[in-house]
Amino acid sequence: MDMKVAKKKLALKEKYKLLTRDLGWEPSYQKKDDIYPYIKYEGIKIHDWDKWEDPFRLTMDSYWKYQAEKERKFYAIIDAHAQNNGHLNITDARYLSALKIFLQAISPGEYAAGKGFARTGREFPGVGTQVACQMQSIDEIRHAQTQIHALSNYNKFYNGFHAFADARDRMWYCTLPRSFFDDAMSSGPFEFMIAIGFSFEYVLTNLLFVPFMSGAAYNGDMATVTFGFSAQSDEARHMTLGLECIKFMLEQDPDNLPIVQNWIDKWFWRGFRLLGVVGTMMDYMLPKRVMSWREAFEIYGIENGGALFNDLARYGIRPPRGWDDAGKALDHMSHQFMLALYQYNFGTAFHTDIPTEEDMAWLDKKYPTTFNKYYRPRWEHIRKLKEAGTPYKNMGLAKLCQTCQIPTVFTEPDDPTQLTIREVDYKGDKYHFCSEGCQHIFENEPEKYIQAVLPMPQLFQAPLSGDLVAWMNWVGLQNGKDNGDYFGSEDQKNFDAWRDLATRNV
Amino acid sequence: MSTVFIALQANEDTRPIIDAIVLDNPECTVNRQPAMVKIDAQGKLTVRRETIEEQLGRPFDLQELQVNLITLSGNVDEDEDSLTLCWNS
Ligand SMILES: [Fe+2]
Ligand SMILES: [Fe+2]
Ligand SMILES: [Zn+2]
Chain A
1379 MDMKVAKKKL
1389 ALKEKYKLLT
1399 RDLGWEPSYQ
1409 KKDDIYPYIK
1419 YEGIKIHDWD
1429 KWEDPFRLTM
1439 DSYWKYQAEK
1449 ERKFYAIIDA
1459 HAQNNGHLNI
1469 TDARYLSALK
1479 IFLQAISPGE
1489 YAAGKGFART
1499 GREFPGVGTQ
1509 VACQMQSIDE
1519 IRHAQTQIHA
1529 LSNYNKFYNG
1539 FHAFADARDR
1549 MWYCTLPRSF
1559 FDDAMSSGPF
1569 EFMIAIGFSF
1579 EYVLTNLLFV
1589 PFMSGAAYNG
1599 DMATVTFGFS
1609 AQSDEARHMT
1619 LGLECIKFML
1629 EQDPDNLPIV
1639 QNWIDKWFWR
1649 GFRLLGVVGT
1659 MMDYMLPKRV
1669 MSWREAFEIY
1679 GIENGGALFN
1689 DLARYGIRPP
1699 RGWDDAGKAL
1709 DHMSHQFMLA
1719 LYQYNFGTAF
1729 HTDIPTEEDM
1739 AWLDKKYPTT
1749 FNKYYRPRWE
1759 HIRKLKEAGT
1769 PYKNMGLAKL
1779 CQTCQIPTVF
1789 TEPDDPTQLT
1799 IREVDYKGDK
1809 YHFCSEGCQH
1819 IFENEPEKYI
1829 QAVLPMPQLF
1839 QAPLSGDLVA
1849 WMNWVGLQNG
1859 KDNGDYFGSE
1869 DQKNFDAWRD
1879 LATRNV
Chain B
24 MSTVFIALQA
34 NEDTRPIIDA
44 IVLDNPECTV
54 NRQPAMVKID
64 AQGKLTVRRE
74 TIEEQLGRPF
84 DLQELQVNLI
94 TLSGNVDEDE
104 DSLTLCWNS
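Line by line, the protein sequences give chains A and B.
Taking my numbering, the leading residue of the first sequence gets 1379, the next gets one more, and so forth.
Taking my numbering, the leading residue of the second sequence gets 24, the next gets one more, and so forth.
Check the hints yourself; a few may be wrong.
[To be verified] With a Cα cut of at most 30 angstroms, we get these calculated DSSO-like pairs of lysine-lysine:
1) K1493(A) x K67(B)
2) K61(B) x K1625(A)
3) K1808(A) x K61(B)
4) K67(B) x K1743(A)
5) K61(B) x K1706(A)
6) K67(B) x K1395(A)
7) K61(B) x K1666(A)
8) K67(B) x K1391(A)
Please keep in mind that the hints were generated in silico from the structure rather than gathered at the bench.
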């Protein structure tokens, strides 16, 4: 007869050691350099991979257990959302624009991160690192899937959701996040970790998910709150991985410091520009707003980022070189970007509109030194044109920044009335930049950025040859349905009619 | 001294966890926002398993935190008894 023996539960550190570190081995008949061919060319020197710590000490068995629980919670709510006409419970269909941008521009980034971590998980020699990257890769694919799944319920009722995969590759404003991820994925494994693990996760995802999802809750959007917080629950682990990677590189060899600093400088600025799109969502697209983009950036960018750079100062790291310019841009960037999105809204697969008087009063309260002075007069002028039956549409094509791919609509850090114009001649061609920061990034790696695929040249090439209708078909944009002003759109009419039906018996 | 923080979803699972964090870190600030609770502390914050178990009335594995965790800030150190966030500066 078997005796029941109480099994002693392993201590966390011991379990982590057995289920992670002990899975590795020293190769005997292949050279390490052949197995890990990409680990040296960036110049980062690593002497002992065992010094890499995963502070959560998460092992695969626990990983699957907790992820399964997150999925169960997620699908319970998604089912309830679909069964209870959740699409009618949002504050206002104006809010949907933020979701459309999210699906077209951000969810594909999740998928790209999944591919990137699958690759780095293979390229890093350390076992702790491999396991952490593998978990993150699976997380990121889960994020893309849950976001697409949650938003598919809105696609049954509203315009602008149907062609997100084509938009990812072809839409002009989607090339902004796409170029960010392509840049990261075509970098070496260490730079990838700084780009995604540090810049995207530590500095950006807090801003992307935390105040934005709280905003979704405030706007009655249960589905988005759920995928947002479900994804964000993994991000704590991702941020920690990014931070550990930086500390690891800096502790392993003093020669790594200038390389790491250069990447921090580059990816901070690229991340800051990418965040501009989140700024337009927070300041202009949420009918009920929790906080302004500026306030969110103060908490998660300045305070939290500042704490991180103070902490890293002991290794010789200084704040990123674009830090001061970013501070100066805070009161301007979302407004300048939004004006650009609005004037090109014949070419966006989401609706925008002129802010109402109430919106403008809120914007003035949140941006007291800049909104009324610089931006209200422009919106009022645009409103006057619309009321006169001559709406302002910019049918010219935007000049794009070769680095971040945003139209060059931003102003000089110390003079908000002066558009920033920066040009570089390189091998007989002229390249344009939105800022000194983006120009600096280009000049460090010109051979990389001259290869960038930009949406405007694509429009002029065969087979589109400048034909706007052909372009709309190509990007999956239904003219008159997906694009243009919100007020008067099919989305607005349907939402109002259906909500009315939902509250009456006719 | 820099701020560390932890943010959790606002739900029935996290109510006793938040109470436990406040008991262990009496100096912390609790910010209640739509759907989430963000707890800030100066320099250091400790989440202790035992205190959570007392509040919860059942055994608790600290890694269960992962399910309702939204975000955190600071250097992390976790073992089976506690999770600590701290900034070294
Ligand atoms: Fe993600
Ligand atoms: Fe992530
Ligand atoms: Zn740029």
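Evaluation of the provided hints:
1. Of the supplied pair hints, the one linking K1493(A) and K67(B) is violated, its CA atoms being roughly 35 angstroms apart against a limit of 30 angstroms.
2. For the hint pairing K61(B) with K1625(A), the CA-to-CA distance comes to about 26 angstroms; that is within 30 angstroms, so the pair holds.
3. Using a Cα cut-off of 30 angstroms, the hinted pair K1808(A) and K61(B) is violated, with the two alpha carbons roughly 48 angstroms apart.
4. Between the alpha carbons of K67(B) and K1743(A) the distance comes to roughly 34 angstroms, so the proposed pair goes past 30 angstroms and is violated.
5. For the given pair, K61(B) sits about 27 angstroms from K1706(A) by alpha-carbon distance, which is consistent with the 30 angstroms threshold.
6. A threshold of 30 angstroms between alpha carbons decides the hint, and for K67(B) with K1395(A) the separation of about 27 angstroms falls inside it, so the pair holds.
7. At most 30 angstroms may separate the alpha-carbon atoms for a hinted pair to count; K61(B) and K1666(A) meet this at roughly 20 angstroms.
8. With a CA separation close to 22 angstroms, the supplied pair K67(B) and K1391(A) stays within the 30 angstroms bound.
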